[in-house]
Every structure is written in C-alpha cells, then in structure tokens.
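Student: The lines below spell out each chain.
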Amino acid sequence: MTQTGALIKQLVKTDFKLRYNSSVLGYAWSLLKPLLIFTILNFVFSKIFGVENPNYSLRLLTSIILWTFFSEGTTTGLHSIMNKAGILTKIKLPLWIVVFSSTIHIVITFVLNLIILGLFFVLYSFVPTLEDFLFFTIYSFCIYIIILGFSLAAAPLYVKYRDLHQIWEVLLLGGFYAAPIIYPMQLIPTEFHWLLQINPMTFILQHVQAVLFVDDFKFSIVPNFIYFGVLLLGFLTCIVIYRKYSQTILEEL
Amino acid sequence: MTQKIITVQNISKKFKIPHTKITSLRDEIFSLFSTKTYEEFHALDDISLEINKGEFIGIVGKNGSGKSTLLKILAGIYSPDSGKISINGSISPFLELGVGFNGDLTARENIFLNGTILGIEETELKNKFDDIISFAELEKFVDTKVKTFSSGMYARLAFSVAIHADADIYLMDEVLAVGDISFQKRCIETLHSYKNKGKTIILVSHDLSQIKQHASRAILFENGKIVADDSPERVLSTYVQHSQIFESEHQLLITNVAIHKKDSSDELSTGDDISISWSLEGAIPHEIDFIIAIQDDNGAVLFATNTIHDTVTADPSLTTYTFDLKKVPLRGGIYFAEISVIDKQFRKVASIPYAGPFSISPPRKTRGSVDILYNWNVT
Numbered sequence: 001m002t003q004t005g006a007l008i009k010q011l012v013k014t015d016f017k018l019r020y021n022s023s024v025l026g027y028a029w030s031l032l033k034p035l036l037i038f039t040i041l042n043f044v045f046s047k048i049f050g051v052e053n054p055n056y057s058l059r060l061l062t063s064i065i066l067w068t069f070f071s072e073g074t075t076t077g078l079h080s081i082m083n084k085a086g087i088l089t090k091i092k093l094p095l096w097i098v099v100f101s102s103t104i105h106i107v108i109t110f111v112l113n114l115i116i117l118g119l120f121f122v123l124y125s126f127v128p129t130l131e132d133f134l135f136f137t138i139y140s141f142c143i144y145i146i147i148l149g150f151s152l153a154a155a156p157l158y159v160k161y162r163d164l165h166q167i168w169e170v171l172l173l174g175g176f177y178a179a180p181i182i183y184p185m186q187l188i189p190t191e192f193h194w195l196l197q198i199n200p201m202t203f204i205l206q207h208v209q210a211v212l213f214v215d216d217f218k219f220s221i222v223p224n225f226i227y228f229g230v231l232l233l234g235f236l237t238c239i240v241i242y243r244k245y246s247q248t249i250l251e252e253l
Numbered sequence: 001m002t003q004k005i006i007t008v009q010n011i012s013k014k015f016k017i018p019h020t021k022i023t024s025l026r027d028e029i030f031s032l033f034s035t036k037t038y039e040e041f042h043a044l045d046d047i048s049l050e051i052n053k054g055e056f057i058g059i060v061g062k063n064g065s066g067k068s069t070l071l072k073i074l075a076g077i078y079s080p081d082s083g084k085i086s087i088n089g090s091i092s093p094f095l096e097l098g099v100g101f102n103g104d105l106t107a108r109e110n111i112f113l114n115g116t117i118l119g120i121e122e123t124e125l126k127n128k129f130d131d132i133i134s135f136a137e138l139e140k141f142v143d144t145k146v147k148t149f150s151s152g153m154y155a156r157l158a159f160s161v162a163i164h165a166d167a168d169i170y171l172m173d174e175v176l177a178v179g180d181i182s183f184q185k186r187c188i189e190t191l192h193s194y195k196n197k198g199k200t201i202i203l204v205s206h207d208l209s210q211i212k213q214h215a216s217r218a219i220l221f222e223n224g225k226i227v228a229d230d231s232p233e234r235v236l237s238t239y240v241q242h243s244q245i246f247e248s249e250h251q252l253l254i255t256n257v258a259i260h261k262k263d264s265s266d267e268l269s270t271g272d273d274i275s276i277s278w279s280l281e282g283a284i285p286h287e288i289d290f291i292i293a294i295q296d297d298n299g300a301v302l303f304a305t306n307t308i309h310d311t312v313t314a315d316p317s318l319t320t321y322t323f324d325l326k327k328v329p330l331r332g333g334i335y336f337a338e339i340s341v342i343d344k345q346f347r348k349v350a351s352i353p354y355a356g357p358f359s360i361s362p363p364r365k366t367r368g369s370v371d372i373l374y375n376w377n378v379t
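In order, the protein sequence lines correspond to chains A and B. Heads up: the first sequence at position 68 corresponds to 68 in my numbering, and the numbers run straight through without jumps. Heads up: the second sequence at position 316 corresponds to 316 in my numbering, and the numbers run straight through without jumps.
This is chain B alone, in the form it adopts within the complex:
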C-alpha cells in the first residue's frame, strides 16, 4: 500500500524582477510617480506532482528550470502564487549548499541551534552530537567559529546536521556539489539507507550517475514545467536528448537497456563475457549507427567504440540490439554504459547516459586501472 506523502496540485510561481530594485523607503518615495517596469519570470508553471512515502526522487534540469524553486516551496520558504500543496510529514531541508549557520557561532552552538530548528529534542541532540561531528569529520573544530571554516567543512557540517534530523522527508539541493568524492559517496549512501528505512528523499543533482544509481524515480524540469516523470533511465535519456542540441527532429529514445553476463544471470566478475542489450522507441531513421562507451562511477570513459569505424551496418528494424564484450578486464566496482544513436549525417539522434549500472565483483588483490586474467608460469 503506497502512501502519498507529498501532493502538489497546479502550483505556479512567478518572480517579478524589477528593472530598478527598490530597497529603501527613499527609493519608494522617489519612485512614487514613475512607472515601475519589471520582467516576469515563470519559475514554476502549473506543476502537479504526487510523491509516495519511501520514494527516492532525483530531480534534473538546467539552471533556472524551477528545481530549486520547487524545493524552496516544499520547504515552506517560498509560497506559491497559486495551487495547493499538502505534505504529511516532517521535513529536513538542505537547500543551496547548506542549512543556515551563523558564522559567529561555533560548530557546537550552530549544531544546537540548527538541530533545534529542525525539531530535534535537546536530549536527543546531545546523544547525536558526537555522530554529527564525526560524520562531518570535524572532531578537532567543535569549538571553532564556523566563519573560519572552509566551504567543504561548512558543507559537511551542514549536511551532517540535516541528515541527523529524524524527518520523514529529506530535501537535498545540490548536496553533491560540495565535499570530496569520499564524502559525497557517504552522503549518497546515507540517503540510500534512509530510503530503505521508508524515508522519502528528494534530491536535486547535476550528477546524473548518482541519480541513475540511487533514485527510484526521476523528474525532469524545463522552463518551469515537468517534461518527464518516469524511471531514471528514461528521464535521463530524455534529458540528454533535450539538453544536447540534436539537429534532428526525430524523437528517439533508447530503452530496455540490460547489462548482464552472456548466457547467464550470474553476478559479473572480472574476465566475464558481458552482453549489453537495448531497444529503440520512436521515430527510427533509415540508417543508424551506434556508439557505445563504458564509464566508471566517476564518469570517466574507459572504453568506447562505434559501428562506423567497425564498418558494421545496423538494421533499424530490430526489436533488440546486443553488444557483446569478451573477457572484460574491469576491476571490481560499479560501471555504466553510454549508448548513442547516430544517423547517416553523423548527427547524434539519441543517447542514454549512465545506463546500467552494472557491478563487477569481487574486487581482486591486483593493482592498476584494469584487471586482466593471468597465470603465473614460474614454478
């Protein structure tokens, strides 16, 4: 039984950006008899959305597409011009690089202030205090004023406070834009474990691979409207298609991507034969070519090839395409595939980033960027 935790009905939010901003009473008096001109900006345009308890939602879209405005409205900082919102649970927000800290207070004082604002009771806060500090890796700086913190330290502390609040909904805006890779990993893993505990997570991120890996559903914003609300795979494919300026008017999607061990469903390990399969949906051009790339979990391309150089002619009428990799020398870890479709004028007409992911296990005790099967003949 799914339980609706957030219902958003037809909300709109307009910002009036005046040509000259009035910031004082003096300006207000002087401008009494002049006409005030302004630009209107539709940050959100008639958005409706339902979110169930336990969903991990990834929100993607370009800057200015309305993602952050929606989060601010959900957090109650902004109020919509029209429409209705109902939220059945407590919220812990992490908006635009941080919860609000006061620079003149120490880390300890800020934790107590913010923790209280987020609704953590004092005794609970005392119990959680050490966890918050150790998660942020700031044991040495407990009594240092946060204005002396680096942006990374600040963000770590802010995130740590936000996730230690025992909320039903976690609103996370660009959490992953700060901190080093290992901290980002811990953030996303913590959020993932929260999802398993039935918490609802709404994550705005430009890191598509993280959304692909962890979100159960993705939403794409464009110019204040929701243009796709579906599985992360399909939404990311649409996003990439919309954001790269495809010269073709074809609406083509790559779907049903599957990555598995050839002829078996066993777990993948180093040296296995791996098979990647996919389908095409939509307007398929008469002549197509494919590009396939394998990426690691940081997005670095490890291997790429295409049907043009390999002089393979793809049949546009197939229901399923497969690409077989033999004795793949990948180290234990998480990988993605990127599949793109090219038409006969070498124009990219569709692409799916971060397909998969697939994991290779277990890590073996070798070193280097690849892991090749080998034999020692030295005895």
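Isolated chain A (complex conformation):
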C-alpha cells in the first residue's frame, strides 16, 4: 500500500515536471490561463454587451475556474494512458494508478486557482458564509467524481479510438456554451433548458452560483439527490467500461 502511495507521488511529480518543464513560469501560466479567459470574457460581456447582473464578474470567474477544472481534468485524464505508453508496454502497472495520478495534479492546480479566486472575493469585498464553503466543496467534489469517472472510461477507449480527443475538444467547446458560465440561466428561454441540463456541469454551476450569489436561494434536497444518484450511476458505468477495456488495451498501445 505504501508502495502504491510512493508510486502515485512519483507519477504526480513526473506530470508536474513534464507539464511545466520544471519551471516556475510554466506553473504560473497554468494559473494565469483561467484568469486571462476571465479578463477577456468579462470585458466582452460586462463592458461591451453590458450584461446586467449583480456580481457578474465574480460569478463569471467562479464558473470559469470550475469549468477549467472540469475541462483540464477530463482532457488530461483522456490522455493519461497514452502519455504513459512507453512505460506501460514495458512494466506492469495497474492502469487506474496512472489515470488517478493524472487527475491529482489537476486537483492541485484547481486548489491553487481557488486561492486566486479567494483574492478576488476579498477584492470585491464579498464574504461567503461557512455554509457556502461547504456547498462549494461538495460540488467541487462532484466535478472531481465526473473527471475521475470519465478518465477511467475514456483513457482506455482513447487507446482504441484515436479520434476521441478531437471529439472531446468539440464537445467541451459545446459544453462551455451550453452551461450558465458567460450568461445566467434566466437569460435562456425555458424551452431550451433541457439542452443545458444534459450538460452535467450545468447543475453544479447553477447551484454553486445560487448558493454563493443568490441571497434568498432555497436549497431543495430532491433534485440534489437525483443528481447525486445519476452521478453515482454514471461513475459505476465508467468503472464497468474501465474493467472491460483495461485488460486488453495494452496490446494496442
């Protein structure tokens, strides 16, 4: 067990080195990316289009950081097995360890991004309550579950179907616009809400925004339970896919 821990630590370290080329600047860049996206979108929508919404900027930044966590996490997870092909074809290594390690450094980047988000909260003198923190953590954890589940299923499939990453890129772009990130949910006519609700991130973003920024928000338990149920079912399905493909996939690397 301790050896598994040491292995995960070493793999996470490797991911950091490879991604940021062991440079501080490289690391700063990964933190800057969501901030730059935020700056552009904030300028376009609140200054040019003049979207009227209380706390629009904070809402936008929070959503972008959550979305970045989701998109970077799933993309990194998708590539995790292929990226380690050189090692996996030579030494036996449980594939889940490789997939799991790849998500860890995304989590670390996310946590560091949250510190920046915190600074913005201070800047806008917005104080979240302890309850807000708790909900934020729970919903972030939900995103992590989606990332891990997706990665476990998609990484072996990607070995078989090499066009998955193009497909996923397009889906991510679609998902970005089909989620209440740059616009609030209320702006969308109700007959199109179902389109947004297919996106698993919509529910999370909606709730995080509501918990943080809507004062008279009433938390209803039933939809949350349904959502968690669907999430769990999806995660189990992903594990089934992982188990089906992980046995034979090494032969195709």
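Hint data in this document are derived by calculation from the structure and do not stem from the laboratory. Incorrect hints may appear among the rest.
Unchecked claim - Computed Cβ-Cβ distance ranges for the label pairs, DEER-style:
#1 A:118 to B:37: 51 to 61 Å
#2 A:244 to B:83: 17 to 27 Å
#3 B:18 to A:240: 23 to 33 Å
#4 B:37 to A:219: 54 to 64 Å
#5 A:104 to B:35: 40 to 50 Å
#6 B:18 to A:26: 40 to 50 Å
#7 B:37 to A:244: 23 to 33 Å
#8 B:140 to A:104: 29 to 39 Å
#9 B:88 to A:234: 33 to 43 Å
#10 A:225 to B:198: 55 to 65 Å
#11 B:85 to A:219: 48 to 58 Å
What the hints assert, rightly or not - Using 30 Å as the maximum straight-line C-alpha spacing, the simulated DSSO-like pairs for lysine-lysine come out as follows:
#12 A:13 to B:147
#13 B:128 to A:92
#14 B:225 to A:92
Said to hold, decoys possible - Just a sample of chain B residues kept apart from chain A, beta carbon distances all over 12 Å, derived:
#15 23
#16 91
#17 318
#18 334
#19 376
#20 377
Given the structure is predicted, the values throughout are model-derived calculations rather than measurements. Cβ coordinates follow ideal geometry from the N, Cα and C atoms, glycine included.
Chain A is already provided as a structure; the job is to place chain B on it using the hints.
Tutor: Showing chain B alone in chain A's frame:
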C-alpha cells in the same frame, strides 16, 4: 528442495491482425456494415512450463516463435486467452530493449520513476542511485534528458535500473543485442552472480554462446510451441538442427560432448594436449564424416578441420568419438568447439554449436592471437 517460482499451465495467446486496422471512432462507424476480416496468429499455443527458483533459463527460437509474447505474459503486460499462470515472486522486466523511459525526463528523474514502478523504496533508491549510474557509465549525463541519449546509453541505463531492482525473477529480452561487448559481458556476469544468489533469470537471446555459457536450462520455441526443454547443450543442438535446413530426414543429435586435458582432469593451460569427445544419438547414416571447429567467446572460428580432407573414415557404430589436439597454442580465455556430422552426399545432418565451453588458464604475458610455448636461447 527445489521451489517452483513460475508455473504456466496450458496458456495460449492468439493475435487477431485485422486487414484494415480500426484506430478511430470514425472508422468504427464507417465499418459497421462491412465484414471485418483478419488473420489469426497463434503466438503461443498451449504452453506449459515450470520454472524453479534459482534457475537461469535461456530461451531461443526464431523471430515470431513466441518467446517475447511469453515474456510479456509473464510480466503481466499481455493476458493469455486461456490457461493459468502462477508466479510466486516479484519481477523485474527488461522487455524489448528497455524499461519504459520518458524522453523528456532526465536520467535522474527516469531512474526515480522507474525504480519506484519496479518497487524500490525511495530511501533504497537514493542509496542505489550512484550504483545505477556508475553501472550504466553515465556519470556525466545524470541531469541530461534521455531523449538526447544514444541507443547504447539508453539501453545501458535501462538495464542498470532493471537489475538494481531487488526482484526474485528477472525477465530479460534481448539484453545482449545492445551495448558494446564489454557492457554485454558485465550484464551477463551480473545475471550470473544473481543466479548464484538464488534469483531466477529468464533470458531471451540470439547469442547462443552466452546461453551455452550461463544458462542452466534452455527452452526452444517454434511456432508458438515449446519443442525442446532440456540442458542448453541438447537444446542448442536441436535448435541448430531445426534452423539450418537439413536436407536429411535423419534425426541425429550430438551428445555427451566433453573437452578435457588428455589423460588427466587438470585445468587446461596453453600448450596442453586437449581431447574432445562426443557421442551420436538417433538415426546414424551408414557413412559419416565430422567437421570440428574451435571458436573463441565471440564466435570467431580459430581453427577448423574435417575428416574428408584428412581422408579418415569414421565408423558410425562407435559409442564415443574423440578428437585429440596436440600442444594447443590457445591464449588464456574461454573457447567453444563446434562439431558437425556430414553424410556421404556432403549434407550436414547434425551440428552442435558452442559445445564446451572450455577455458584455458592462466593468461600469460605474451601478445598476439595465439600463445605458443617457447624458449629463449639468447643467454
């Protein structure tokens, strides 16, 4: 008390090689309504094998005979289609020219990553780090990215990491195909010393002389099946008989090869009379001739002769044949004999490569390719 470390029961492995390989979801969708055709390739066909602790096993066979597939299955990279495998020990694999390195990482980083994967603990890895680097002779390149390494440097580092893992079983595929001769020698000597420490070594090699010298048992693969599993001497003889296309249907083996000092069992030294003896087993033709060659440990032929040119008629009914060499001027070192049998149509019907080996000792302070006994009459 021998202890079984690997038991392989009836394993088979088939590879389906599709005529058009589907590598994308697009291909998969477009090919939904077309029939998928493929060739089947039996990489391993009902293999059973038992390996005891402390054995040094040499695996030989042509390319595509299943050697590497077996090693990959033992290493857990491939899973067999059917059959059972039980392995009671940790494995350090060196498959197909290397352990997996990442080109963008430095030698140091790769050692830590691979060492950890091979199960070496961090503190142990720190202690062994200098040994790993010095064995690979890469002291100057510790913090260089391995993608800039030459294939020899890469292989040396890979091998060094693999043998420094404290495993029970070492799987070595074509280790000796890379590196210079002195490095190859160190590799094989290290493996040999591991065998003496009770470790199990499985070595796939095309270098028959190394297998002959170091393996305690050899296995010959042909078309996914084990066709011989015996002493290296007998297996190599079968291998040579199978791989050279003998026009004869005779199944003839050369056995009981012994190379020793004539009339004594002392160690051989330069200038001794040496005697080579052997027996024949199987279908012996009515008329036979012999070819004998002496080779050095790199396989170079130093001396060869045959009964045809010497107009000697060999008697096919003898139980033991001997060949006496007088005052042999070989330098101190390791040598092999190669014995072949020819029938009356000059067809090679049997051959044993790398018989022996025998060693001449001790090295004397002379130079040159031979070492002749001499006297100075200058005083």
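Student: All the hints need checking, so say for each whether the structure fits it.
Tutor: These are the hints, each one checked on the structure:
1. A:118 to B:37: 51 to 61 Å: 60 Å, holds
2. A:244 to B:83: 17 to 27 Å: Cβ of residue 244 of chain A to Cβ of residue 83 of chain B: about 21 Å, so the range 17 to 27 Å holds.
3. B:18 to A:240: 23 to 33 Å: 25 Å, holds
4. B:37 to A:219: 54 to 64 Å: Given range 54 to 64 Å: holds, Cβ gap about 58 Å.
5. A:104 to B:35: 40 to 50 Å: 44 Å, holds
6. B:18 to A:26: 40 to 50 Å: 41 Å, holds
7. B:37 to A:244: 23 to 33 Å: 24 Å, holds
8. B:140 to A:104: 29 to 39 Å: Given about 34 Å between the Cβ atoms, the range holds.
9. B:88 to A:234: 33 to 43 Å: 40 Å, holds
10. A:225 to B:198: 55 to 65 Å: Given a distance of about 59 Å, which is inside 55 to 65 Å, the answer is holds.
11. B:85 to A:219: 48 to 58 Å: With a Cβ separation near 54 Å, residue 85 of chain B and residue 219 of chain A satisfy 48 to 58 Å, so the hint holds.
12. A:13 to B:147: 19 Å, holds
13. B:128 to A:92: 22 Å, holds
14. B:225 to A:92: 25 Å, holds
15. 23: Violated, because the least Cβ-Cβ distance between residue 23 of chain B and chain A comes to about 5 Å, which does not exceed 12 Å.
16. 91: Non-interface label fails for residue 91 of chain B: nearest chain A Cβ at 8 Å, not farther than 12 Å.
17. 318: Nearest chain A Cβ is 51 Å from residue 318 of chain B, so the label holds.
18. 334: With a cut-off of 12 Å, residue 334 of chain B remains clear of chain A, as the shortest Cβ separation is near 32 Å.
19. 376: Nearest chain A Cβ is 58 Å from residue 376 of chain B, so the label holds.
20. 377: Residue 377 of chain B clear of chain A: closest Cβ-Cβ about 63 Å, beyond 12 Å.
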